[in-house]
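Start from the sequences, fold in the hints, and give me the full structure.
Protein chains: 2
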Amino acid sequence: MLLPLSLLILSLSSLFFSTFSRPLSQGFSNSTLNLDDSLVYLWPLPSHFTFRDDTLSIDPDLSLSLAGIGGNSTILEEAFQRYLKIIFKHNSGDNLRRGLIYDISELKITVNSDNETLQLGVDESYSLSIGRIDGFSVIGKAQIEANTVYGALRGLETFSQLCSFNYESKTVEVYKAPWYIRDEPRFAYRGLLVDTSRHYLPIDVIKQIIDSMSFAKLNVLHWHIIDEESFPLEVPTYPNLWKGAYTKWERYTVEDARDVVNYAKLRGINVMPEVDVPGHAESWGYGYPDLWPSSSCREPLDVSKNFTFDVVSAILTEMRKIFPFELFHLGGDEVNTDCWISTPHVKQWLKDQNMTTKDAYQYFVLRAQEIAISKNWTPVNWEETFNTFSSHLNPLTVVHNWLGPGVCPKVVAKGFRCIYSNQGVWYLDHLDVPWERVYNAEPIEGIKDISKQELVLGGEVCMWGETADTSDIQQTIWPRAAAAAERLWSRKESTTAVNNTLVTLPRLQYFRCLLNRRGVQAAPVTNEYARSPPYGAGSCYKQ
Amino acid sequence: MLLPLSLLILSLSSLFFSTFSRPLSQGFSNSTLNLDDSLVYLWPLPSHFTFRDDTLSIDPDLSLSLAGIGGNSTILEEAFQRYLKIIFKHNSGDNLRRGLIYDISELKITVNSDNETLQLGVDESYSLSIGRIDGFSVIGKAQIEANTVYGALRGLETFSQLCSFNYESKTVEVYKAPWYIRDEPRFAYRGLLVDTSRHYLPIDVIKQIIDSMSFAKLNVLHWHIIDEESFPLEVPTYPNLWKGAYTKWERYTVEDARDVVNYAKLRGINVMPEVDVPGHAESWGYGYPDLWPSSSCREPLDVSKNFTFDVVSAILTEMRKIFPFELFHLGGDEVNTDCWISTPHVKQWLKDQNMTTKDAYQYFVLRAQEIAISKNWTPVNWEETFNTFSSHLNPLTVVHNWLGPGVCPKVVAKGFRCIYSNQGVWYLDHLDVPWERVYNAEPIEGIKDISKQELVLGGEVCMWGETADTSDIQQTIWPRAAAAAERLWSRKESTTAVNNTLVTLPRLQYFRCLLNRRGVQAAPVTNEYARSPPYGAGSCYKQ
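Order-wise, the sequence lines are chains D and B.
208 is the number that the UniProt record's numbering gives to position 208 of the first sequence; each next residue is one higher, with no gaps.
203 is the number that the UniProt record's numbering gives to position 203 of the second sequence; each next residue is one higher, with no gaps.
Quick caveat, the hints were computed from the structure, so don't treat them as lab data.
Worth double-checking, as some hints may not be accurate.
Said to hold, decoys possible - As a list, the in silico DSBU-like pairs of lysine-lysine whose alpha-carbon atoms are at most 30 Å apart:
#1 K85(D) / K321(B)
#2 K414(B) / K492(B)
#3 K207(B) / K89(D)
#4 K243(D) / K542(B)
Here the structure is a predicted model, which is why all the values come from computation and not from measurement.
Here you go:
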């Protein structure tokens with residue numbers, strides 16, 4: 001049972017002023033920095049919340065109490081242990097020995113379903129309440145209630161963001177209590193693309209990225225595993241494919257990929273793999289040169305051979321055993337068909353089939369879609385497929401926008417679902433896009449019909465890997481990915497501020513510093529170019 | 001008992017050629033990259049080693065056997081668990097179920113002393129042998145023997161670098177076995193400076209840095225905690241001092257600092273704190289303005305007041321409870337004494353004492369030294385103190401070079417000990433210094449007398465924080481700090497190659513990729529400027 005609605009006063013107004021507020025910062029002489037206490041330092045902002053002016057101390061021996069038919073979950077137990085380490089990062093000094101009495105000694109998590117299937121649209125809603133036992137509040141503990149473990153994970157993240165270490169008292173405190181939060185995401189699909197073909201990303205780094213995604217409540221890791229530069233993934237039935245890796249160490253075994261999927265699931269994050277066809281696939285041919293039209297003209301994949309589709313099918317069969325998510329990305333972008341014309345046997349095949357190169361492109365994409373659908377996948381394709389032959393696309397297709405604005409309106413008008421990644425704002429490798437433009441991008445822009453708006457599954461920021469490797473990927477992803485994450489999670493009304501510099505920037509800077517505290521290499525928010533170093537000495541909260 | 005010397009053939013020649021070598025890499029079509037198998041991919045290079053041409057498999061259930069009076073150590077147990085996670089990062093798939101028999105199922109660590117005191121010059125030597133049970137070798141296991149747990153930690157690191165995951169067999173293997181390694185550092189002091197005043201570094205980030213230092217066998221974290229920009233450290237007896245922090249969240253409690261010290265100790269790393277006086281101390285006055293000559297002229301600290309030295313003494317008293325290392329850095333650099341002349345009461349005091357500003361600078365430094373020595377510390381000072389009044393410096397002083405080359409020769413000629421940090425090569429914030437210049441820097445350059453060479457304790461790379469915060473500090477430190485780390489650990493003969501591009505660069509690139517695999521944001525090695533992004537898609541091993 002969720003909290004009674006009566007307790008959940010919609011308080012968007014509290015974003016902008018609060019009569020109960022307690023100063024979060026003291027005026028140190030060194031610093032002119034005083035955080036604006038009228039703001040709520042949660043990121044992304046919950047959909048509904050109220051707070052008052054109390055301060056609660058949190059017991060460093062905080063215990064977990066699990067309830068509901070879904071409460072007996074190792075996912076929750078493990079998440080609780082992770083969050084204990086985050087919340088109680090600082091040793092509380094001598095407080096324990098002083099025998100202090102804390103306001104909150106228990107976190108109760110109730111989960112109303114034991115279905116731990118993680119799929120698109122899984123219920124991520126939760127309610128969170130924190131209050132002391134007194135005349136005003138009768139809670140006396142922190143409580144999270146959710147319909148699924150994944151909602152509970154989102155609630156744990158919010159709880160952890162409410163917990164602040166007080167350096168004077170050396171206790172963890174929750175300010176502005178009691179809190180009543182009821183929260184749910186605006187969009188079901190909140191993605192981040194990583195590209196392990198342009199640069200191999202070690203498993204540890206992918207896990208670091210997954211951790212950081214969970215802090216921003218992103219929920220889909222779009223794993224662009226393979227591209228023309230390298231083929232790092234093991235495909236047991238075609239064991240030469242990963243000879244297209246850069247080196248024998250820059251590879252992912254089947255077990256590595258499963259490890260990533262499981263690690264992500266424990267954080268409520270789906271992994272959507274991509275096998276980009278027929279373009280962006282040159283690396284396939286290092287193991288199987290027959291996949292190239294010829295050794296001198298290597299892309300797109302040879303459309304004329306059944307062998308090509310045997311390999312596509314085998315890859316998807318193997319990947320089906322690894323990736324349980326219902327969405328599978330088949331790419332389909334930037335297909336230059338010149339090789340099909342210039343290679344005699346392909347040209348002859350086109351003639352025999354009475355196909356133009358455009359027909360053959362459509363043929364390839366649709367045949368790959370059929371393969372994916374036969375394996376119980378929902379195909380996702382980059383927008384060129386829609387732009388080129390929308391009337392032939394399988395109606396199940398999710399169209400992934402990237403080329404520019406205004407695509408999702410056309411996509412949903414034709415009844416397809418859409419993912420928004422307009423490169424002008426949500427390609428993270430575009431280093432000149434400031435946080436505010438990322439933040440103000442709106443996935444449903446140009447779509448008035450509510451039933452059509454619902455066809456926009458959400459959006460995704462894309463971290464293409466040409467200049468992003470282990471050394472700089474996190475500082476390129478963050479903090480701008482967080483700007484998109486709030487856009488995708490929070491209510492549209494609350495992300496449409498009159499003055500982002502006043503009401504959003506300080507909150508994003510606070511979140512960037514929170515990422516830093518958690519060991520994530522989030523870059524200064526206001527640098528002119530993404531991932532530039534800080535311009536000089538100073539506080540994290542002002543850079 | 002260490003391994004019999006007869007087994008330990010000095011094999012520096014094996015650096016450059018090996019008649020027994022087994023290919024480490026296979027020629028994939030994608031890549032022209034084949035590692036030069038004549039090289040030994042250990043970083044830093046051990047002082048003595050031999051190898052042959054066998055390949056050994058390592059049991060994923062590798063067990064630890066501890067022996068010797070120092071073997072019963074939680075430091076070792078914890079380190080072994082850490083290294084298991086590093087060595088067996090990849091799941092071995094179905095191998096376990098296949099009931100494979102592995103060549104190496106036990107790591108035996110013998111530690112000959114139970115003294116776990118970690119001080120300058122602690123015995124870090126170790127021997128490591130790995131071989132199968134057969135006619136040729138009678139070892140049948142991996143064995144580390146060391147005189148202290150810290151030597152054993154160095155051996156564990158070397159062992160972990162010999163273990164490679166074979167993506168084909170999905171087992172961890174050691175190539176070129178059997179190995180016999182006897183190793184010890186060339187210099188006792190192998191440092192890295194981090195600066196938490198220009199940018200606050202969260203505890204998690206300091207721990208990440210400590211982890212990465214241990215991979216390169218660096219052993220001193222020089223913690224430049226405080227500077228003019230901010231004073232983040234808690235000093236219980238002067239509780240307003242850390243009001244000089246940027247914000248109330250950018251601070252270290254006493255417990256945080258102890259946590260750092262303990263974390264470092266578990267990795268064999270000493271923490272040397274710095275309290276830089278009398279310059280670089282403006283932030284002290286935010287809490288106690290009396291420490292400033294005046295509110296308008298704030299540096300150096302007011303030399304005329306006993307209160308100043310009371311505070312210095314109190315800080316050192318509090319820090320003595322936190323930092324057990326025998327070295328304490330008192331700074332002393334870049335002291336501009338103009339404020340002492342322009343502030344009437346200080347000027348009057350100078351006149352009363354019949355002191356010039358230079359006398360007063362000396363007076364301040366020497367008085368601070370006395371305070372440190374009275375607390376059983378060995379003082380370290382930046383070279384300006386030596387350059388200005390060497391004949392008055394306490395003979396215990398360790399002089400820390402930074403301004404340029406040629407300083408340590410003068411320092412040791414006068415009988416002082418020296419730490420080498422020539423800014424032209426070992427200041428990591430100098431982004432235009434390529435790895436090779438870092439590597440070729442030689443701490444004892446210009447010192448011919450061996451007894452004088454021994455006064456050079458070692459060296460330190462300095463990561464000043466003006467443009468290095470959480471987002472970019474690791475990519476600025478690495479890989480160049482590793483170049484210095486090998487210079488400081490390995491034998492001079494083995495780091496003086498005729499052609500670094502052929503024999504050292506591939507090894508450093510390999511180590512950079514090893515850091516990446518362990519989640520450390522080490523930047524491409526050959527970028528023109530440090531911490532630049534990779535110039536384009538490609539293999540870690542070639543960037």
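Violated constraints from the hint list, given by number and in increasing order
none
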